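J.: Both chains are sitting in their own frames, so use the hints and assemble them into the complex.
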Amino acid sequence: MTAQRFYRMLLCELDQLKNAPMPIITAIILPVLAWTVIALTLQQPVIADIPVTILDLDGSTLSRTIIRQLDATQALQVREITAGEATARASMRNEESSLLIIFPKNMERDIKRGGSTQCLIHANGAQLLYSKIAYRAAVTTVYGVSAAIQMRRFEANGLAPDAALARAMPVSTEIHAPGNSWYDYGFYLVPGMMLAILQMSVSFSALWFFRGHSDRDAKLILPPPGMRLGYFAARGLPLLMANVIAVLLLFLVFFPLAGIGFTGGTPELFLHTLLFVIACLGMGAFLSALFGHLVTAAQIGLIINAPAFVFSGYTFPRWAMPDGIRVFAEFIPLTHLLDGFFPLMIFQRSSAEGVFPLLLFCALFWGGSLLLVSSPGERLRAWETRLAAAVRTLQESHPKC
Amino acid sequence: MLIRQIQQSAWREFLRMLRDPNLVLVLFVAPLAYTALYGSIYWNKAEVDVPVDVVDRDHSTLSRRLWRDIDALQDVRVARCGGEETISRDRLERGIVHGILLIPEGYEEALKTGRRAVVHLTLSPGRLLVLSDIGIGISRTVATNGARVTGSVLARQGVPVFQNSDYAQPIGVTWTPMFNPWLTYGDMILPALLAVILIQLAFIGSAAATAAEWGNGGWVEVFQRQGQRTGAVVTGKAVMFIAVFLIFSALVGCTVVPLFDIHVGGSVALLFLLLLFAFAAAVLMGMFVGSYFRHRLTVFVVLGFSSYPLFMLSGYAWPGAQLAPWLRTVSRLLPTTPFLRGIGTLTQMGNGMPQLLPQLLNLGALILLFGATAWWRFRGIARKAISADPHV
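Quick note, the sequences are listed as chains A and B, same order.
Per the working numbering, residue 1 is the first one in the first sequence, and the count goes up by one each step.
Per the working numbering, residue 402 is the first one in the second sequence, and the count goes up by one each step.
Careful: at least some of the hints might be erroneous.
[What the hints assert, rightly or not] SDA-like mimics (lysine to any residue), calculated; alpha carbons at most 25 Å apart, straight line:
id	chain 1	residue 1	chain 2	residue 2
1	B	K446	B	W576
2	A	K219	B	S553
3	A	K112	B	R417
4	A	K112	B	S553
5	A	K112	B	G654
6	B	K446	A	T315
7	B	K446	A	K112
8	A	K112	A	P51
9	B	K446	A	R136
10	A	K219	A	R326
11	B	K446	A	R326
12	B	K513	A	K112
Because the hints were derived from the structure by calculation, they are not lab data.
Bear in mind the structure is a predicted one, so any value in this text is a computation, not a measurement.
Isolated chain B, as found in the complex (with noise of 0.2 Å):
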């Protein structure tokens, strides 16, 4: 009897969810649209050939190389090589170029006879990656020019740097990023992208789905006229409304995935079953939601507000370690923070099973929880339909 009204209430939902174009350009229009359009954005995944004014002092042959060099980085491009300063300042106010790399006068010199040089790179502080991006290699080039320079004149000095090479740096580094070889943006943000496009619409869609049953009678249908239970009522939304989801991410796994060449590094079962338990706490926690608007359109601008706070809530753009305690407490409470934690250690690390039993958990939990809640809520309104309120 449960289960046929469960299968009722979930058939009723797909032919509602059919007949409502509003509702059929979320569900399914948005899946892929989205995905598709947010994704294009990082087409390329890294920033190449990042513009940066040179400002030459020295004129010299050691100052030219070391700008050349720096132009050959596959991250810079050198966009004018002058003396006026002004003209570079000018240009980085203005966006033009990102940085300004001022070689002093006297570098040449410096090096060959044993003083300290000392070369200044002015970043624009408004970009989010260029600190990082240029900095790092404008400063390494800058740093082996140097090298170089004094490792000729030592050598003329007899010091015995080429013949040993182990004499001239002590210490070295190896570098190997993991999990992102080339650490780029596209790379880490498209999975996370895509999951929180996914999973904000499964939220917002099924809040809407919900407050539209305040129209036309709906609730009065379900409860009074179809005699429906609360549990199968909510349960049958849920199902429905998840598998919706499913088909739709197995479908940007196929299409969207492949075509931005994003790595799925971890088991494409557990990364399903990530996919169920999230989309589950989403989808009740929108009918939740949703339960307490009484139309599509306050659903739609209310929740669209949602995005930016919980995308930042989850830890995965913005490092959860920076949260203050009891923010991190409370963005665990959102099913996005253990999706998209869950999201970046199968995708991105490859992880397994026990990297993401905690996130499955955490999930586990918010089903619990929304569950519960998107009953107790369902059931009050089962009672004032049953009662024919008027407000029903």
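Bound-form chain A, shown alone (with noise of 0.2 Å):
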């Protein structure tokens, strides 16, 4: 294989990417308008002004003073404030509130007798992100509340402001997110999905690596034993350089865009990018040698990387996923980069994390394509040849099968 072939080869693919340009479209102009998609929703990560109604039986200074510093806290809204219990459960009902505060009635006297009350607070658990952080944030307030008073209480038992200070919140958690400080959750969705939608573009895009580059099903291509290294060059180079494109635009455009910014570790981030192009590329390739039909492995395809990210466990921790489904999440490229990935991104951590099993992936699925496309490859087609007509034969010696 001289130099001068494998750039006649090379021209002859690029020519031909130009004709039909399916490949470079799915690499490039389809991430992107699923990226654009995926930014614009995010563009305010912070969770805000989550809808609140007050039942609000009372109607004291005391009740009215936690509605104010309730309506003054980031994460809440009062949305309305009510007397009349049916109205405030409607509002719920009817998806109008996503957190609902009861305060009972006589809940001032009762206080000021010496005595205490209890304000109950329904979250909708259908908006399970809403009612977590709503519960949060109205816990503290109450809570906030509740010990000014119990300050006040243990004043006049005769401890002084310093000491009831202390007795009425004598523990307090403070609590740290390194790197993610507002609770961010487009901190973790953006890349996460970003990166699912990379890999199946990037696996997408080398499913004709053994075709034509045509829509239709084109038959599979299978490069003569001398030119195999060659041929996988010609072919391979363009569409990698495709992919770095995209990736090149997720680093310098999408991430800031969805407002992620990485504080150190970018180079290390695009190199185990790029490793996880490579191993993805030899999944589409893999596809494309195994399956006689294209629209097969475009549907296999499909079924691997639709559910990357859910598999991933960044939305659901893999732990506690059932152990099979724990076992197939590990065949999934995504996994291992974004097990890499968090922590370079996040603490700047350089780390081996995920990629030993990229390595592995990228010689299982390109080490595959050889095979299959190599002699070893011929004799599993020739089988399935035999098998097909077996089965024919079968059908036309019993037609009612």
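T.: Take a look at the structure:
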């Protein structure tokens, strides 16, 4: 295989891509469209102003103070204050509010008499994200007011103001989320989803690796023994370049557009992603060689790629999944990319996490593709043809079957 | 005559589905296989025993009691308790644990002598559920432990905290989640997940089947040889797809739904109505979109990318109120949005017709929109087919 021959093959490949650009469209245009939608969807990644309905059966100064404090939090917005229980419950049922807080009758009077009271908080559990954030904000506010009342009581019992404060709020928990102090949900949803789309685009773009670039069912192209390496290089290089352009767009345009900033480790993240791209190209090429029908290869590709983000464990943790599903998740390249990607992105932690499995995927998919287009693959296809012929013969001899 | 043509068109579509192994995979195998596969992720519904490290710098009775109470929480498991923060930090960064609780030196003494103590909880920011799930539980346990110690100390000083329990906590909170009593992710996401799988398969399947008409002279056969009317072809095809997906929905309802213990609070009749409207809108949209593709392969490749954006736009996983107003309006033009909202209101919240009506009206408008566009597009194809245009 001479350099001149390789150059001719490369030119031929580029010419094909110019006339039938489906692999390039799949590698660049389609993910860009999907990333745009994701970036637009997560333009406001910090949850704020969750609608709250207050059922104020007390109507006192104390209840109004708590309501004002609730409304002043970033997370909550008091949408409605009512004294009618039916109205309050209807607002929850109609999804106009995500949180219902009930202040009982005589709340202020009971507290002034040295007693206590119970606020009822109902959250709409069907809106999980809202209900947990809203609950945290509401409880912090109510307990803050409660601690202030308790402090006054302790002072009345002779405790100094400092001691009273310490006794009213003896211990508190400071919660830190390093690298994401605003609990920005886009922080992991954006990279996770965008990289899941990247897996889809890269592997789909390589579906034509052993076919003509037609959207029709092109026949399998089997490179002759002496030209296999050249074929792989000539076909793979333009595809790799197209996908690298997509990765550059992702890092330089879409991550910043979605508010994802990298404080460090960007070159390493980029290299991790490139390794992932090579593994996913291998997956596409392997599917292209494995299935006789290109549509079947695309369907199998869809089955692997569509659930990738859910299986990766970033929405629902892998340790909480059943064992069989956890094993399936290990066979998805995205799982291993994200395992290495987030520690690098958040903690700038240079680690080999996920690199070895991705290298294994590269070897497995590209090695498998090579085998499928050489003699073992030919034997497999010959066996398939014989099997199909035998089935046909059987059907012809027993028409009722 | 029209009814007969619709029947003929529907029957032809059914035979095409059966003869095409790729369509069989999408229309007959995938609805059950996909729902079972995806659903099984959430078999356990909630995450339990999230591993957390404790860095106990106090080594006191109270600090030990605190982390044992935390370990007793259903959501949390104390994976390691030691005094080395760097080791735990390393474990957090490597994803072995998802939080570190740091109990400072002098914790017990501060509580006993009436000074404020602060414990630090560092959570992994790279996971969706950890922050809200374990953060709430741990901070409540810490507050309860502190209140217990303070109560004992104050009681010794003559403050009537135990004699008068009201005294210690003037305003208490009783927390009751509605519609998802255990606040589990699985209970929330499973109905939507099954719904989105079915509607996406209906959309992609009908688009792929329509695109396949371009091969082997399908359009010419329909419009020229059989002389079918456009309305009959659109209706016949749509009826067949809707029927297939309604049957599969029923099968999913009888198998996958009880298997994963999915709560259906609302009326089954209303659920059927919602499915009917949603499949009609999705199938008509699929037929319209699919008619612009010349081959099924392109349909699978291109429309495969739509799943993530459609799910994100639907307002189910990511609240619709967080979307820009114009994007919210755009999302209403996609059947997934009203469908998933309807699914949520029916299955989880157990609502009835008044709450479902806006979604049905939205889907009804989409049926008219995509029905009209599909008819317009098919009419254009029919004209070319009748004039035996070589591109048809």
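J.: Could you run down the list of hints and mark each one as holding or not?
T.: Results of checking the hints against the structure:
no., hint, result
1, B:K446 / B:W576, "holds (21 Å)"
2, A:K219 / B:S553, "violated (82 Å)"
3, A:K112 / B:R417, "violated (78 Å)"
4, A:K112 / B:S553, "holds (24 Å)"
5, A:K112 / B:G654, "violated (55 Å)"
6, B:K446 / A:T315, "holds (12 Å)"
7, B:K446 / A:K112, "violated (44 Å)"
8, A:K112 / A:P51, "violated (30 Å)"
9, B:K446 / A:R136, "holds (22 Å)"
10, A:K219 / A:R326, "violated (36 Å)"
11, B:K446 / A:R326, "holds (15 Å)"
12, B:K513 / A:K112, "violated (28 Å)"
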